[in-house]
Structure formats: structure tokens, C-alpha cells
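> Each chain is listed here by its residues.
There are 2 protein chains.
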Amino acid sequence: MYMRISVQTKEIREAILDSTDRLLARYGYQKMTIDDLAKDVGIGKGSIYLHFKSKEEIVLSHIDRIVERVKKHLIKIAKSNEKTETKLREMLVLRVLFRFDSVQHYTESLDELLASLREKVNERRKIYFQEESEIFREVLEEGIENGSYEVNDTQKTAEAFIIATNSLLPASLSTKELGKRNEIEEKVLKIAEILIKGIKK
Amino acid sequence: MYMRISVQTKEIREAILDSTDRLLARYGYQKMTIDDLAKDVGIGKGSIYLHFKSKEEIVLSHIDRIVERVKKHLIKIAKSNEKTETKLREMLVLRVLFRFDSVQHYTESLDELLASLREKVNERRKIYFQEESEIFREVLEEGIENGSYEVNDTQKTAEAFIIATNSLLPASLSTKELGKRNEIEEKVLKIAEILIKGIKK
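Line by line, the protein sequences give chains A and B. Going by my numbering, the first sequence opens with residue 1, and the numbers climb by one from there. Going by my numbering, the second sequence opens with residue 1, and the numbers climb by one from there.
To be clear, the hints were calculated from the coordinates, so they are not data collected in a lab. Please note: incorrect hints may appear among the correct ones.
Remember, identical chains collapse to one label, so a pair may be satisfied in a single copy or spanning two.
[Unchecked claim] Lysine-lysine pairs mimicking DSSO-like chemistry, simulated, CA-CA at most 30 Å apart: (1) 83 with 39; (2) 200 with 45; (3) 120 with 190; (4) 53 with 197; (5) 55 with 176; (6) 53 with 200.
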């Protein structure tokens, strides 16, 4: 019985965040209301507040969800049976293109869309990057164990992999401003190629 | 006689841009007026308009000047007698830290300060990055000639060097938000180390 309620709760939460994604694209953050959201989900306004304290918390949770999905995919690649080189390359491409695909329906950049939440978004990004960096670090350590990589500081190297691809993420620039998807992919692949060769024995 | 006038013209232009730098830090773009500027330079308002069409043109010229200085330093390093490796490392550090030092007295980020000029600033950045990339490309070609580097596409590789350090430039984040100067330096040095090893034979 508890199980059932918990599953429903999660489903409603997900549905609220799905609607948030649609309404952010349509109205932007300022103009989107909890009323619009309740209507789009097909539940009462009160039900929204059972899951989230405020519009701000909803939107930040929506962004968190994108990054949670990025991390889930990164972990999956990290745990796969691929070669370290393949893992690192796929992880770098994924962290850029998954975000690109997740926000490509927004006409404004995320930074413009969430301008009023600027500080909170920036604080969260630092944490996101830290968490992603940890996943890269594990793959680097595995590569060192296998004997094909030479890295004197896995933490700093993992951070460098993150920083070196951060300017390709949709943040201050919208996906349209960043460029075409295949061009972004080509750019991250080029950086990946150099970085991976740069840590080989 | 012409020489004398031309030198004066350049000096006044430089003085106007120096004042722009001070007033942007003090008032921001929106609140800064041409009257304030004329007063700060110690010339008449009409004299400002002899050099620039509008406040917008003045502020964009101020940003252009920072990047012109970056490029001047990059070219100097590129033409020096240092080893290719040293040149590339110094160039990467310079493009990040020169910008950091140039805007560290602004409390807001450049993107916030120049929010109303967003599109024009972004267009210009593309050109800046392209121009910097050309200077890196020449150093890469020299390194290949010397026989110690292996790069299959110098243009794409030069672009990768630029993109890989772009997230450390003060743009959407203020220098304060980016972190301490020595931490930024450490980060760009780590990326430089991996990138340079990644293109060695």
C-alpha cells in the first residue's frame, strides 16, 4: 500500500516537472504561474504544493532533473565494459549533447530564462560539475590501474575534463546561439581526442 | 602637423575608453551617461561625439580594446623565441588571466553589465575567438614544422584550445564568481598541460 502511494507521488512529481518544461518554453519563468502548471498537469493547485514549496523550487528541480539524468547516463557509461578511452569520449559527448537536447526547445538561453534565480542556478552548477567530475575521476583511476594512462592528480584532471567542455553547454548561450548540433558534437569530439591523448602513457 | 592631430585624437579616444572603464565599474552601463563621461575625461560632450556615435559604440569599443590587448600579447608570445610548448602554455594562461585582470573591478559579470547589448557582445565574441584561434594556429604549424607535434587539422585544434579555456573567461560569471585568481591560473595550467601533451608526437 505504501509502495503504491509512493509510486503515485513520484509520477505526479514527474508530471509536474514535465509540464514545467513545456510551460517554461511557452511562457518563460516570470510569466509561468502555478495555476497554469496545475491546469497543464490536470491536477488542483493544492496538489502542486503537496510536492513543491514554490515556483522557484519547481523550476530548480526541473534543472536538477536534467542533470540527474546526465549523471545516470554517465554512470552507466562509466560502469560499462568499454575501453577507458571510449568511456571518456562518450561521457564528454553525452554531458554536452544531453543538455543540448534537453533545452533545445527554449528560445532563450537558460541564463536569460532563469535570470531572477541567477545565484541559485550558479551555486547548483558548481555542485553539478563537482558530481560529474567524480564520475570522470573513477574512470581515470580505472585507466591508471589498467596501465594505459598516466595522471598525476585524478581529481584535478577530472575537473579539467569538465572545465574544458563547459563552454559548449547551453547556459549563457541558447542552443541556437551555440550552433548546430552536429557542429557542437564535432567540437566536443575534437577536445575529447586531444584530452584523451594528453593523459595516455 | 597632421601627425600631431592624429596623436591627440588617439590620446583622447584612449582617455574616453579609460573613463568608460571607471564609470562602468561605478554606475553600470544603463546609468552611465555621456555627460558623466565627458566630465570624467575633462572634455566637452561634443568632443565625445567626434570620436564615437553613441554610448553603445563606446562600450563595445572598450570591450574591443581589452581583446585587442589580449591579441597583441598573444602575438608577442607567438613571435618569441620560446619553445612551442612554452608559447602555447603562456598563451592559454594569458587569454584567461588578462581578461580576468581587465574586468576584476566590476562587481557584476560582463553579461549582466552589458545585458542590453547581448546580441552584439555575442557576435563580437565569436569574432574575437576566431582571431585568437588564428594566432594559436600559427604556433601549432610552427610546432609541426619543428617536428615535435602531430596535428591533423591545425584550425580545428586551435579552435579546441580556445573552446577548452573559454569557460574560464569572465563573461556570464563575474571574476568573483569564477574564483580566486591563483585558482583560475591553476585550472588553466592543468588544461594547458593535458592539451599540449595531447598534440605531441
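> Give me the numbers of the hints this structure contradicts, sorted from smallest to largest.
Going through the list in order, the structure violates hints 1, 2, 4 and 6 and respects the others.
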